[in-house]
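Visitor: Sequence:
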Amino acid sequence: MSEPRAVLFDIDGTLVDSNYLHVDAWMRGLEAVGHPAAAWRVHRSIGMDSEALLDDLLPGVDQAGRDAATAGHKRAYLASVDRLRPLPGARETVLELLDAGVRVVLATSAPEDELGILVDVLDLTGLVDTGVISTTNADDVDTAKPHPGIIQVALERGGASAADSVMVGDAVWDVIAAGRVGVPALAVRTGGIGGDELTEAGARRVADSVADLRDELLG
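Counting in this note's numbering, the sequence shown runs from 1 upward without gaps.
Calculated from the structure, these hints are not laboratory results.
For each residue, glycine too, the CB sits at the ideal point set by N, CA and C.
You can take every hint at face value.
Have a look at the derived ranges for each label pair, beta carbon to beta carbon: (1) Leu78 - Leu98: 26 to 32 Å; (2) Glu216 - Trp40: 28 to 34 Å; (3) Arg204 - Gly89: 16 to 22 Å; (4) Asp129 - Glu216: 26 to 32 Å; (5) Leu98 - Trp40: 35 to 41 Å; (6) Arg189 - Thr125: 23 to 29 Å; (7) Asp99 - Asp129: 15 to 21 Å.
Modelling step: build the complete structure from the supplied sequences, incorporating the hints.
Guide: Structural data, given as structure tokens:
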């Protein structure tokens with residue numbers, strides 16, 4: 001893979017250590033509507049489109065129940081955002097890419113309000129507000145990952161083609177979404193998914209963290 005012109009980053013579990021907060025929040029939301037789920041099942045759904053997640057975790061439950069579970073997740077997650085932390089080396093890698101002239105796009109399945117929190121945790125708000133870093137989120141598309149819509153929007157906002165871009169994510173959903181539009185994907189284990197699953201989904205390389213991909217991303 002040649003040096004990319006644009007790097008598309010997932011955020012939850014890739015740049016910010018947030019996946020297990022989401023697991024806990026979804027467990028609370030599901031339990032509140034009378035449909036508790038085991039942590040491992042919730043974890044395996046993190047990073048996909050919220051409607052797809054609900055299809056998996058609340059099969060047969062009506063829209064009112066789905067909406068209540070979603071609201072419960074939101075309340076529990078927002079109550080825990082003070083525990084969010086950048087993953088080691090994540091912010092520094094983003095800044096090095098920018099300094100090297102590589103376009104950075106934050107491409108997340110999170111809604112816009114959660115994206116703002118994550119960007120703030122990474123201390124990148126100024127770069128996003130000034131357009132140095134582009135973003136896309138679940139509100140930009142009808143269906144988020146593993147549907148490729150977010151990746152397509154991210155390419156447009158990064159002014160790059162699939163051939164000269166790379167996706168970095170922590171979930172099989174990131175890898176699958178990128179592959180559906182021809183964007184090569186690199187994966188990290190920081191979201192708690194095994195390297196064998198990420199490789200099977202199509203990841204070109206799996207590393208322990210974004211920082212460990214620095215040399216490859218910078219060429």
